[in-house]
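Enquirer: Given chain A, put chains B, C and D with the ligands in place with the hints provided.
Chains as they are written, first to last, in this note's numbering: chain A, 1 to 306; chain B, 1001 to 1306; chain C, 2001 to 2252; chain D, 3001 to 3252.
A couple of the hints might just be wrong.
[Stated by the list, open to error] Chain B side only, calculated, beta carbon under 7 Å to chain C, not exhaustive: (1) G1025; (2) I1030; (3) G1031; (4) I1053; (5) P1058; (6) I1060; (7) E1062; (8) S1065; (9) I1071; (10) F1269; (11) I1270.
[As the list claims (entries may be wrong)] With beta-carbon atoms standing in for the labels, derived distance ranges: (12) B:S1236 / A:G77: 37 to 45 Å; (13) B:Q1283 / A:N280: 27 to 35 Å; (14) B:R1249 / D:G3230: 33 to 41 Å; (15) C:R2120 / B:D1035: 52 to 60 Å.
In case anyone wonders, no lab produced these hints; they're calculated from the structure. From a predicted model like this one, the values you see are computed outputs, not experimental measurements. From the three backbone atoms N, C-alpha and C, an ideal C-beta is built for every residue, glycine too.
The chain contents come next:
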Amino acid sequence: MEGLDVRIGSLSLKNPVLLASGCVGYGEEIGRFIDLSAIGGIVVKGLYMKPRIGNPPPRIWETPSGMLNSIGLSGIGIHAFIQEKLPLLRETGATVIVNVCGETENEYEEVSRVCDATDGIHALELNISCPNIKENGRCPGMNRDATFSLVSRIRKATKKPLIAKLSPNITDIASIAQSAEEAGADAVSLINTLLGMAIDIETGETRTATGMGGLSGPAIRPVAVRMVYQVARTVSIPVIGMGGISTWRDAIEFFMAGAGAIQIGTTNFINPHVSIEILNGIQDYLVSRRQKLADIIGCCHIGPRR
Amino acid sequence: MEGLDVRIGSLSLKNPVLLASGCVGYGEEIGRFIDLSAIGGIVVKGLYMKPRIGNPPPRIWETPSGMLNSIGLSGIGIHAFIQEKLPLLRETGATVIVNVCGETENEYEEVSRVCDATDGIHALELNISCPNIKENGRCPGMNRDATFSLVSRIRKATKKPLIAKLSPNITDIASIAQSAEEAGADAVSLINTLLGMAIDIETGETRTATGMGGLSGPAIRPVAVRMVYQVARTVSIPVIGMGGISTWRDAIEFFMAGAGAIQIGTTNFINPHVSIEILNGIQDYLVSRRQKLADIIGCCHIGPRR
Amino acid sequence: MAHYLAARVISVEPLKSYVRLTLEAPSIAAEMRPGQFVMVSASPEAFLARPFSIAHVDGDRISIVFQAVGCGTDWLVALRPGNTTKVLGPLGNGFCLGDGDHPVIVAGGRGIAPFYDLVRRISHLSPVLFYGGRTKEQIVEPEYFERFCDRLVITTEDGSAGRQGFLTDPLADYLQKNTPPVIYGCGPHAMLHRVAELADGIRTEFSMEARMACGFGICIGCVIPAGESGYRRVCIDGPIFGAKDIRWKDLT
Amino acid sequence: MAHYLAARVISVEPLKSYVRLTLEAPSIAAEMRPGQFVMVSASPEAFLARPFSIAHVDGDRISIVFQAVGCGTDWLVALRPGNTTKVLGPLGNGFCLGDGDHPVIVAGGRGIAPFYDLVRRISHLSPVLFYGGRTKEQIVEPEYFERFCDRLVITTEDGSAGRQGFLTDPLADYLQKNTPPVIYGCGPHAMLHRVAELADGIRTEFSMEARMACGFGICIGCVIPAGESGYRRVCIDGPIFGAKDIRWKDLT
Ligand SMILES: Cc1cc2nc3c(=O)[nH]c(=O)nc-3n(C[C@H](O)[C@H](O)[C@H](O)COP(=O)(O)OP(=O)(O)OC[C@H]3O[C@@H](n4cnc5c(N)ncnc54)[C@H](O)[C@@H]3O)c2cc1C
Ligand SMILES: Cc1cc2nc3c(=O)[nH]c(=O)nc-3n(C[C@H](O)[C@H](O)[C@H](O)COP(=O)(O)OP(=O)(O)OC[C@H]3O[C@@H](n4cnc5c(N)ncnc54)[C@H](O)[C@@H]3O)c2cc1C
Ligand SMILES: Cc1cc2nc3c(=O)[nH]c(=O)nc-3n(C[C@H](O)[C@H](O)[C@H](O)COP(=O)(O)O)c2cc1C
Ligand SMILES: Cc1cc2nc3c(=O)[nH]c(=O)nc-3n(C[C@H](O)[C@H](O)[C@H](O)COP(=O)(O)O)c2cc1C
Ligand code: FES
Ligand code: FES
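Just chain A, same shape as in the assembly (with noise of 0.2 Å):
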């Protein structure tokens, strides 16, 4: 379908429709279920230079419509990444996207500066909101300096489309996204897990081992719709949005608050086909409107129409 695309700096994509960081692996067992070219792109896990073994178990609970997890960034590694998963994203065809960690600034450049030096990497989607690591769950992403120092420095370090991406864990994200623009991000992608807590009351243990967990899932979609509709109204540049969506209809209330493409996370757990049959809706649903899909970006209206 034509009227799809999506620019996120120099990069277009084919559709609006990508799959979230964490929630997909590097793409490979996704990729038995959904032809990866088919869709807009792939955020991969996030990764760090080296590899992480991540957080003991248990790492996930269930929460009502939604589910808690502290999975703590296992990963391969850039370099593994490049070396033994790349070759096979390639081949499929996907858009790949990054999601660049880092414990300090050092380390988020040069995991940043390897993206940069790889063809096949599309875009980088800057982590700067990753609830699980230590200090109580705080992250870069939580403060306005920190996301303007950070996000300067890899401005600096890549030519490609760099998106960051924002922590909903803050009392006024529109600034946080503010400043990503300011310090030269194409774009700004939310919203990442909300930090949340659960426990055994047999036991008195945390439900996962680190104490707390990031929650997703359609539980938070009200407050990614609300962050969304905020973060759009403040800058220029495109907005990503996910939290929650698990049906073309969540997709659409997202572009109508303001994304200008959407993400899928916690919903490919349950259905590994939910992305494609989002964005089959999707089309349908513009389609039956005679309407492209810039048509409804931003379209929300406060209140009813009288």
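Expert: Same frame as chain A, but now just chains B, C and D with the ligands:
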């Protein structure tokens, strides 16, 4: 049952189960279903000096395992409450807590002084966190200084137990709780609703007339448990926990996270008897484990015990 | 007094465009007045309960007649005898039963629901029922209503049953020649608004709708613009309102 | 290849402490190997799907044998023929079928599930099954297993069926006198750990459990400590592991 009583400043609650503000009106209608003297207390709907008609409809929308509301602190005003509703409430023998609101610090203070001077109002819960007011959902509870200044002022206006009700729409809830404690609050209660939004994809209209609304119900429980945990580790005054409690098991989670008492909100809408059922469940749990409430408060443990 | 109970499903019957769900709910059946409603816990997927007018009462049983329009009602349709569902009720003020002859009843589509019980109870007053739908699929069980009414005027927009057009047309004719003691109404708000204009001076008892969270007055979510200014709760101040209490222009 | 489909419920049968759910899932039935599992979408209330070993395959049908322990399994018990539920599978590596005689199978409680299909497929090798439970209510269909096994040793903790005690006692005796080509195991991790100690040198194929979100490798949520260091995903690197690959002391 013994060992269930809870102290909040000079006030002794007979048990730790309270009804949350905005979810039980002024007690009249819920009082037809349950004996209000059997539970720890009732926090009435937020009150300003003057009556307020509240926001236009639609005011509510269902979300996955939760709901959005945009009631807009509709209410009869503190004087009408005292004349028309309080006498009935006093007859029931309920412990009555007024949720104090204000558009300005002055108004908060005025309402507090009236409460202070009125017999039958046992404590004040200062609503520094209502997210439905204008300004993009902002409230005093989003800022340390505003919290300190408001709580200090109200502290001078009343000798009655003073509870500060915190907003979850912030980066660091523990630091806000700390400000409230430093300013003299006898307890903190949390969480108020998360800011959320939903959009009708047929019309583009937001599902509540004001655009944003407050998200409550089981969907937000993991966020609430996490915040109670963070706050309880930081302050030494009692923490009153709430957010999506729908069974006694949920209540135990909050106690283990560090809450000394709990409030039941949205679940009253679905089952008007639920607060009594939860109270009974807590009692049975403690009896079966031969524990007192105090034994489990804050007993949770990060990750599996080895 | 309202009761909250786990009600056993007795039957689920298709009624053209609608479905009748019959539940065993003795305490609700015993106390219910026409025009009152129940909150039915729709499904684990639907978080809040859903409001439905009580249509029939028969011994220990109550029925609701509803249209499947979303996840909650879809789930109700899939219930089977032996399942249970939570029910809260009876709720709301209910109709005031007058004593004048030939009261008029105006029902649009699924707005027929509360009148099943009403016509039975006021049949001695020889009510006149104006019953409209889009097609004949929305006109359910006319024979039932004929039994209890003096006259039954049916309209459909496509003419597939009764007179073609809106029910407000024959109603307008009728009101030119007759002055009923009261007009009972239930249906889309736009229809009720038009009936309110026609009613002019006649006492009205309209059943209003709003999205509800609790159904018994504690959430203040179900308000409609009513009175001089401000709002009233449909669930407890209503659902039955006099037309002149509603600020129709402010209704969304 | 794994398939995701809406499977029709054929039957739900109580099996003492457990329940057998039979589903029509042709593509899964056609490709499944013993030891593989399916993710079953449990209910609208349970957000994630739940993993269950595939017990039987029969034509187009698969069965799972499970214990009701929470909201998801409770919902599965309440399913009725004609309902449908989403199923994803077959998943996981499955058992390696060896070719030596008298392979040993060790099943604790509901750990019997994956062996329904295995014993049928390796009956020509005359397997020896050690089957333990807390009470006789946990020992289901011994006659079925007798048909396919050379020997069936049953133990219960309360002595209500077979020998009283833990199944590791007769197993220890057996392994003193025999050296089977392989030990297949499924059951509580504590039991498997003990079996691992007894196995010493014998090849093992243990079916491990972990909480799962996806069941096919993409969430990295279902890890257990395995190998020299680090973790392995139970759903895709397993669920069948050699005992010596597991770091038993790090298992929680
Ligand atoms: C007092 C009262 C009595 C009612 N009696 C009947 C009855 O006898 N028969 C009947 O078929 N329906 C009746 N309704 C409407 C019924 O409550 C809704 O159709 C039902 O809640 C829809 O639930 P759902 O989960 O299937 O739809 P949802 O998925 O929740 O929504 C589907 C559509 O229905 C609308 N809707 C949701 N809730 C309501 C509501 N409370 N009122 C109006 N529209 C709503 C939504 O905005 C949406 O457009 C009554 C409503 C009220 C307030
Ligand atoms: C590969 C694999 C195969 C399995 N095969 C079977 C089988 O054939 N028969 C059977 O009865 N069960 C089997 N299980 C366990 C089964 O998945 C759980 O009993 C089920 O998920 C519980 O769901 P629930 O919603 O009823 O319980 P919940 O309400 O989710 O939880 C109830 C209790 O079960 C525990 N639990 C939840 N999920 C799992 C899990 N994935 N593994 C272990 N414990 C869990 C919880 O910690 C909790 O204590 C298998 C698990 C795995 C990983
Ligand atoms: C198991 C899991 C792992 C995740 N890992 C990452 C990650 O590595 N990097 C990242 O930026 N976001 C990660 N996320 C967040 C998701 O990309 C997404 O922002 C979030 O889950 C909200 O979307 P959803 O509700 O559709 O899942 C992870 C989420 C889950 C559930
Ligand atoms: C309809 C509604 C109205 C509310 N009104 C108030 C209010 O007036 N004052 C207040 O402090 N909190 C108010 N709240 C917030 C609740 O007291 C509670 O903090 C929140 O809903 C989380 O708890 P729950 O998930 O148990 O409902 C309201 C919540 C709801 C759902
Ligand atoms: S539905 Fe809650 S007040 Fe009417
Ligand atoms: S359950 Fe998701 S990786 Fe195993």
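Enquirer: At the C-beta level, are R1249 (chain B) and G3230 (chain D) separated by a distance inside 33 to 41 Å?
Expert: Between R1249 (chain B) and G3230 (chain D), where Cβ atoms are some 34 Å apart, the hint holds.
Enquirer: Taking 7 Å as the limit, does the beta-carbon of I1270 (chain B) come near enough to a beta-carbon in chain C?
Expert: 6 Å, holds
Enquirer: Can the hint on I1053 (chain B) be confirmed by a CB-to-CB distance to chain C that is less than 7 Å?
Expert: 4 Å, holds
Enquirer: Given E1062 (chain B) as an interface hint, is the shortest Cβ-Cβ distance to chain C below 7 Å?
Expert: Hint on E1062 (chain B): holds, closest Cβ of chain C at ~5 Å, below 7 Å.
Enquirer: A closest beta-carbon separation below 7 Å is what the hint needs, so does G1025 (chain B) meet it against chain C?
Expert: Constraint on G1025 (chain B) satisfied, holds at 5 Å.
Enquirer: Would the stated hint for I1060 (chain B) survive a check requiring a Cβ distance to chain C of less than 7 Å?
Expert: Since the shortest Cβ distance to chain C is 4 Å, the answer is holds.
Enquirer: Quick check: does the Cβ-Cβ distance between Q1283 (chain B) and N280 (chain A) fall within 27 to 35 Å?
Expert: 53 Å, violated
Enquirer: Identify whether the interface hint at I1030 (chain B) stands, where standing means a beta carbon of chain C within less than 7 Å of its own.
Expert: 6 Å, holds
Enquirer: Should the interface hint for P1058 (chain B) be scored as holding, given a Cβ-Cβ cut-off of 7 Å against chain C?
Expert: 6 Å, holds
Enquirer: Holds or violated: G1031 (chain B) as interface residue toward chain C, Cβ cutoff 7 Å?
Expert: Interface hint status for G1031 (chain B): violated (10 Å vs cutoff 7 Å).
Enquirer: Would the hint on S1065 (chain B) be counted as holding, given a Cβ-Cβ threshold of 7 Å to chain C?
Expert: 6 Å, holds
Enquirer: Per the CB criterion, is F1269 (chain B) less than 7 Å away from chain C?
Expert: 4 Å, holds
Violated hints, listed in ascending order, are 3, 13 and 15; each of the other numbered hints is respected by the structure.
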